[in-house]
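Chains as they are written, first to last, in our numbering: chain A, 4 to 348; chain B, 4 to 348; chain C, 4 to 348; chain D, 4 to 348.
Do not rely on the hints blindly, as some may be mistaken.
Since copy identity is lost for identical chains, a pair holds within one copy or between any two.
[Unchecked claim] No more than 35 Å apart at the CA atoms, straight line, and that leaves these computed lysine-lysine pairs for DSBU-like:
no. : residue 1 : residue 2
1   : Lys-26    : Lys-298
2   : Lys-190   : Lys-304
3   : Lys-60    : Lys-101
4   : Lys-190   : Lys-26
5   : Lys-251   : Lys-101
6   : Lys-91    : Lys-75
If you are wondering where the hints come from, they were derived from the structure by calculation, not from laboratory data.
Given next are the chains, with one letter for each unit.
Protein chains: 4
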Amino acid sequence: MTVHTEPIFDVAQLAMVALYTPKLAESLAFFSILGMKQVHKDEDGAVYLRAYEDPYKYSLKLIPHHEAGLAKVSWRATSEQALQRRVKELESRVEGEKWVEPSYGRGSAYEFTTPEGHPFEIFFDVEYFEATGDNSSKLNNRPQRRPLHGIPVRRLDHVNLLAKSVDKNVDFMRDALGFKLREYLSKPTGEKGASWLSVSALVHEIAFMEDDLKDHYDDYRFHHVAFWYGDPQDLEYLGDALTELDYKIEAGPLKHGVSQAKCMYVIEPGGNRIELFGDTGYLIFDPTFEPVEWKESDAEKAIIWYGAPLPHSYFRYGTPVVEDLEIKQFYDDIKVIKAKVVEPN
Amino acid sequence: MTVHTEPIFDVAQLAMVALYTPKLAESLAFFSILGMKQVHKDEDGAVYLRAYEDPYKYSLKLIPHHEAGLAKVSWRATSEQALQRRVKELESRVEGEKWVEPSYGRGSAYEFTTPEGHPFEIFFDVEYFEATGDNSSKLNNRPQRRPLHGIPVRRLDHVNLLAKSVDKNVDFMRDALGFKLREYLSKPTGEKGASWLSVSALVHEIAFMEDDLKDHYDDYRFHHVAFWYGDPQDLEYLGDALTELDYKIEAGPLKHGVSQAKCMYVIEPGGNRIELFGDTGYLIFDPTFEPVEWKESDAEKAIIWYGAPLPHSYFRYGTPVVEDLEIKQFYDDIKVIKAKVVEPN
Amino acid sequence: MTVHTEPIFDVAQLAMVALYTPKLAESLAFFSILGMKQVHKDEDGAVYLRAYEDPYKYSLKLIPHHEAGLAKVSWRATSEQALQRRVKELESRVEGEKWVEPSYGRGSAYEFTTPEGHPFEIFFDVEYFEATGDNSSKLNNRPQRRPLHGIPVRRLDHVNLLAKSVDKNVDFMRDALGFKLREYLSKPTGEKGASWLSVSALVHEIAFMEDDLKDHYDDYRFHHVAFWYGDPQDLEYLGDALTELDYKIEAGPLKHGVSQAKCMYVIEPGGNRIELFGDTGYLIFDPTFEPVEWKESDAEKAIIWYGAPLPHSYFRYGTPVVEDLEIKQFYDDIKVIKAKVVEPN
Amino acid sequence: MTVHTEPIFDVAQLAMVALYTPKLAESLAFFSILGMKQVHKDEDGAVYLRAYEDPYKYSLKLIPHHEAGLAKVSWRATSEQALQRRVKELESRVEGEKWVEPSYGRGSAYEFTTPEGHPFEIFFDVEYFEATGDNSSKLNNRPQRRPLHGIPVRRLDHVNLLAKSVDKNVDFMRDALGFKLREYLSKPTGEKGASWLSVSALVHEIAFMEDDLKDHYDDYRFHHVAFWYGDPQDLEYLGDALTELDYKIEAGPLKHGVSQAKCMYVIEPGGNRIELFGDTGYLIFDPTFEPVEWKESDAEKAIIWYGAPLPHSYFRYGTPVVEDLEIKQFYDDIKVIKAKVVEPN
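Here chain A stands alone, though its shape is the one from the complex (with noise of 0.2 Å):
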């Protein structure tokens, strides 16, 4: 018989998540339509945002900057104890860390960055948001009453970040922080090309992908942040209102094989890619569940299970940008973004 080792529940959830955007007002204009609410601006001029199925005061953080990219991912931790475990853990084996005060929204956090460098935050204390007036929700169970504006998204869903070892940052992700590997694709030479990790019934928080242009930058690169509709309908609206607007929907509706999420991608007008997950996929509550292995010759229905394939930008497109003649027309598309005056009603 062999002994398992136990899983490790230290981590509970993706929590928030902050971007840079070079081009805020035209950034807020495009989370409007996504029903995402302004709670908070910060003195330097960074805007906090929520969905409305957020539990605590915001998910999304908006921070002004010259270019577009991810400024950090903020892990709320099971309880204090799991906080103490995770940092005693992550002090020895990370760089740069440190403990940073409470700021908006949160108490105390430690900051540290994964090995290729993405800025992560762990936390435990944490403030919930209190709906007030028209906000306010009749039914008990919801945070915040469903916007009558937008197509509204209901919560914080996933990240996806670029790597330039795939393997490294699994690695660190179960090791350091106890998150169980759900699906990957491997390559011919046995290292995983992607993967998707979680902590909770999700299929994944986090995800990393094999960055097509690793040598050609020295930090690191965000692929997308992910918020969640529940319902794949709702893709439809938000594709047809983005259309109307001129936003830049990169691919989708779509069905991925891996995770079997029904979604679309949109690059926000700083630069961000965003995804809109339409349905639930699956859930997996199998505490001894086996990491999904999708080999080279699967990796066409993993990324696709029915419909379109997705462009060449999807795989080489990333914040900070990296310019790459492979997508110029791509790059030519997202440059017209620009603030859409939406209707007052």
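Could you slot chains B, C and D onto chain A? The hints should help.
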């Protein structure tokens, strides 16, 4: 061989409906939740509204009045010649008929009342809505951009009138206006208890239901007007929004057997019943379609194919309101309807 | 005042379509996935199929043949008198026309070819499907119970034919048969590149698209026949099932601008393209509806409102097949289609 | 600073449910409509069924018995160590507990009853379903191909048990098994009238509702077991199919406030109540999620967010059946349930 009389195609569609409301501001707030836009207000204070797929300037007119009810059902003729043929036919059948001047959105019309007094008009010349600015759609076949506010209905669908004799109304609609009987409930006496008629592929642009309270008033009563979504998921979002805002959902989402409609019934703040039609039901292209009979033993399935039965109020409440102690609770409920302030964004 | 010519209502609907297939057994296996039931087989081996909402005995006839293609488009006239009027009109316009004897499911018909040779017939007398036993529905307005097998389509919707001159076909359909032009793509030359026409509230019962390969054959070619779901979610289940069974999904689920249809295109094993229409698109009740023009600059949105572009094969592949090296991969893909054994229960 | 006790993660999921049925053949015919497949029959005649996303060999066992009711709720532990910890905890709390031999689909299990006698077991070793032939999916993350027959449910979701004291059950589930209380109805007395608990992101794998008939029997009663669709449209197709086949739909499709589930309740021919869960409701990732209280004044919205109220039977009918004249009509209805012969293809 039987020689069949050829069908009449002179009435093309239900083009507009005018309703009385004792609470205009509150009624307007309600229809804004349905994504209907105010396009005009006339000097008497009547307001004209449209859904985004309605082709003409408006489809719903709300007229301030001391009580709720139906002010006018407006039919568009297929051609000028068709209009003249119908007018000739009507002249020998109806009373109080007269030509009226062009008014907002339509040319001159021929006004008349049905044998039981419901106010109708028929016209041919019409003004099309021309979207400008943020209302304009990039879809060349869409009259107006889909609104970003509320849970927008697509177009006017049908009216349902309370009748003292359903048969008399069916005969009139068929003989004077060329409607085809599509479905009906038959009573053991052989008379019709309810009927659904159309001039198009829709199962009905008009329905008549025998009024349980027919002996308690002299004038005519109105049951409901329906607007169409096409996607049943919208009924879920609307149910959610109306519940948050304290509007009175009388019944649904539910599935009728008759017309196979997935729908919902709501009392707007002025007191009129509004139906929201979620799916497509079925469409009729067969030119010799035989009217579908539902006998008394089928009535339950005709009314509800699956799901909860309709409440008693559905069979007794109409506008203008007749005092009816059998549905006292229903009156108590709708008395509290008042204007809702919807979130600004 | 302009006196408008009155519309013609003599053709009521697309009633049946007959297709050739070189792989009858495999084609039948495919249509069983669509929930279509075999109702008859004639002595020549042709098989008659129906969808559960089709009113008549059948809507699709599959004829064994050495190659795929269109065998017949069958229109039902509105009345016996309407049929006679159309025959009179056709006599002066078409060649090779003749009355043919009643055959399975319909009375005597008038056969003719369009100016470009597509084989049509028009008839009035028809036989209705009468469900028995487990096929009977408790819904009095449903011709047959919704099947429990496959992802059942509801009814025949439209045909799309490849044309050498779209204008010539549009003129013929309008003048000889009373069709209304609903939408069209215009070329810089002023000619139509594609057109959608109807006799009912549908945007089209028939479409014509200019064949890129028009100079490479003498006869006529067929693009697709469409069956209707009404609910876009069915396209997801169908995409899933067809992918599991190795059928060739050429494109979709996708959203057209023209007709606003959410749909999917599949090549059935015999080689014919089948469209599955997911939602309702929009319906036309306006009797003076102006044809919607899509200029060359609008063509992209006309074809795809949002989502991935159509593959090259969509614009070149038709039946009978013309060798076309530009879409060699497509041919390689569909050559592997063979009968699928579907699970017994 | 408060030091919080850390959460327990020892129970991973609801893995299987066993039900008694006095009409095995008829029950099997019902579950075949849900696309559930028979995978095994043991020598005592019990039949094992699975939904296509269930990971293990089976999720539902039907046991021939003289009356309907719950035979066993099977929980899977997170690890062998977790199992041992729970067993140790249970030993001091429960009666009649014992280790039982491995049986079809799972390793050895620890059997016990709740304080009110509901039969539970917990185990760790399990056998996975291995699809073969036409059951195999090309989706590497799907245990079995989606069936082409019926309206297939995806997986087992939760159980709902009738209780004499809800509080006593909540305390037991929390203290002995580590469940978190997610939502509850509170009575004016301060006691809980109903409760929903989970060990995962689901709002509940188990619920307890106070039995109106609690003084009328000595043993325990069962309210329902739920299977999950994920797409509400499936409820429409299921409602249609069950109505055609004369099955008893007790309530829905409806939208609960608690758990935000769109669902439907059906009595299977053996007499047990089955819930079909249509959408996703909401998911809980917040590790310090505060239980949601619904006071008596909120109870109506808790039970039904919008739509028709639940029938009286919902609050009184359970299995085993207790004679209850208040819902005599309900009994009369379900007595007529018998095996349906479903169409062969």
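Do the hints match the structure? See the list:
Taking the shortest Cα distances, Lys-26 and Lys-298 sit within 35 Å of each other only across copies (34 Å), while inside one copy they are farther apart (40 Å). Taking identical chains as interchangeable, the C-alpha atoms of Lys-190 and Lys-304 lie at most 35 Å apart only when both belong to the same chain, with a minimum of 15 Å there against 38 Å between chains. Taking CA atoms no more than 35 Å apart as the test, Lys-60 paired with Lys-101 passes inside one copy only; the shortest distance there is 23 Å, against 48 Å between copies. For the homomeric pair Lys-190 and Lys-26, neither the shortest alpha-carbon distance inside one copy (38 Å) nor that between copies (39 Å) is at most 35 Å.
In this assembly of identical chains, the alpha carbons of Lys-251 and Lys-101 never lie at most 35 Å apart, being 38 Å within a copy and 55 Å across copies at closest. Taking CA atoms no more than 35 Å apart as the test, Lys-91 paired with Lys-75 passes inside one copy only; the shortest distance there is 21 Å, against 43 Å between copies.
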